[in-house]
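Student: If you want the building blocks of each chain, they are given just below.
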Amino acid sequence: MRKYEFVLILEPTLDDAAVAEGLEKYCNLVREQGGEISQQENWGRRKFAYDIRKKSEGSYLYIRFRGEKKVVDEINRVLRFDERVLRTLIVLDEDAEARNAEAQRREGRRPADTSAPGDSTEPLQAEV
Amino acid sequence: MASNRKKKERKPGRRKPCKFCMDHVAVIDYKDDKRLRKFMTDRGKIAARRITGTCARHQRQLAIAIKRARHLALVPFVREHYR
Chain F
1 MRKYEFVLIL EPTLDDAAVA EGLEKYCNLV REQGGEISQQ ENWGRRKFAY
51 DIRKKSEGSY LYIRFRGEKK VVDEINRVLR FDERVLRTLI VLDEDAEARN
101 AEAQRREGRR PADTSAPGDS TEPLQAEV
Chain U
1 MASNRKKKER KPGRRKPCKF CMDHVAVIDY KDDKRLRKFM TDRGKIAARR
51 ITGTCARHQR QLAIAIKRAR HLALVPFVRE HYR
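Chains F and U supply the protein sequences, listed in that same order.
For what it's worth, my numbering labels the leading residue of the first sequence as 1, then goes sequentially.
For what it's worth, my numbering labels the leading residue of the second sequence as 1, then goes sequentially.
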């Protein structure tokens with residue numbers, strides 16, 4: 001069992017109901033294949049940084065799940081026939097938020113000046 | 001350009017701090033496109049380490065994160081006509 005992150009981008013022409021239905025469809029697919037979903041999210045409509053299939057925006061869906069590789073294979077198979085999907089990404093979930101929060105908590109307890117050696121003049125820390 | 005403005009004495013070997021290390025980032029998130037954009041040139045290229053001061057470890061992670069974000073159209077690919 002591994003953890004995965006699954007992002008898919010749907011056509012901008014779909015209405016909210018159709019988008020929600022799409023999210024359900026893929027969540028159910030994961031469950032049918034024996035995966036368990038830990039998070040499902042609708043990021044809503046977003047502008048693309050470049051056009052995809054002549055479209056400049058799309059609806060982003062995000063699903064986080066645990067499962068065997070066959071779940072991923074099945075998703076990829078089904079995606080081939082789903083014309084409403086513009087783009088997808090399935091990657092191993094590295095728990096970015098949780099691990100960053102953890103790292104911050106761990107480091108935060110130390111005195112503030114541990115960060116960068118030789119950075120006494122300007123702390124550059126801005127907002128990055 | 002303002003040459004009378006106090007010229008900063010550049011101590012040789014003074015390295016810029018890695019921003020990811022300073023923020024204690026364990027995993028660079030490809031979903032955080034706002035942050036990724038700060039490490040790209042205005043043409044959409046991945047900025048070099050010597051420009052941003054990113055450490056080797058984080059630069060490797062950053063490259064992967066930017067490529068994933070590009071695939072999802074969260075950040076642009078390199079473009080000739082960016083204006």
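It is possible that some hints are incorrect.
What the hints assert, rightly or not - Taking CB as the label site, the calculated pair distances span:
(1) G108/F <-> G13/U: 46 to 52 Å
(2) E24/F <-> D42/U: 39 to 45 Å
(3) G108/F <-> R49/U: 32 to 38 Å
(4) E9/U <-> L14/F: 58 to 64 Å
(5) S56/F <-> R15/U: 39 to 45 Å
(6) T13/F <-> R14/U: 51 to 57 Å
(7) D32/U <-> K25/F: 26 to 32 Å
(8) L14/F <-> D32/U: 40 to 46 Å
(9) N28/F <-> G13/U: 28 to 34 Å
(10) R15/U <-> K25/F: 26 to 32 Å
(11) R50/U <-> N28/F: 47 to 53 Å
(12) A63/U <-> K70/F: 17 to 23 Å
Worth flagging that the hints you see were computed from the coordinates, not collected in a lab.
Here a beta-carbon is modelled for each residue, glycine too, at the ideal position from N, C-alpha and C.
Student: Hint by hint, say whether it matches the structure.
Tutor: Here is what the structure says about each hint:
1. Here the CB-CB span from G108/F to G13/U is close to 29 Å, at odds with the stated 46 to 52 Å.
2. Between E24/F and D42/U the beta carbons are some 40 Å apart, a value that agrees with the proposed interval 39 to 45 Å.
3. Under the hint 32 to 38 Å, the C-beta atoms of G108/F and R49/U, about 26 Å apart, miss the expected range.
4. In this structure, E9/U and L14/F meet the distance hint of 58 to 64 Å, their C-beta atoms being roughly 59 Å apart.
5. Roughly 41 Å separates the CB atoms of S56/F and R15/U, a value that falls within the hinted 39 to 45 Å.
6. The given range of 51 to 57 Å is respected by T13/F and R14/U, whose C-beta atoms sit roughly 54 Å from each other.
7. The hinted window of 26 to 32 Å between D32/U and K25/F holds, with their beta carbons roughly 27 Å apart.
8. As the Cβ distance of L14/F to D32/U is approximately 26 Å, the hint placing it in 40 to 46 Å is violated.
9. Our hint of 28 to 34 Å for N28/F and G13/U is violated, since their Cβ atoms are close to 58 Å apart.
10. The hinted window of 26 to 32 Å between R15/U and K25/F is violated, with their beta carbons roughly 50 Å apart.
11. One distance hint, 47 to 53 Å for the beta-carbon pair R50/U and N28/F, holds here, with the actual separation near 49 Å.
12. As the Cβ distance of A63/U to K70/F is approximately 30 Å, the hint placing it in 17 to 23 Å is violated.
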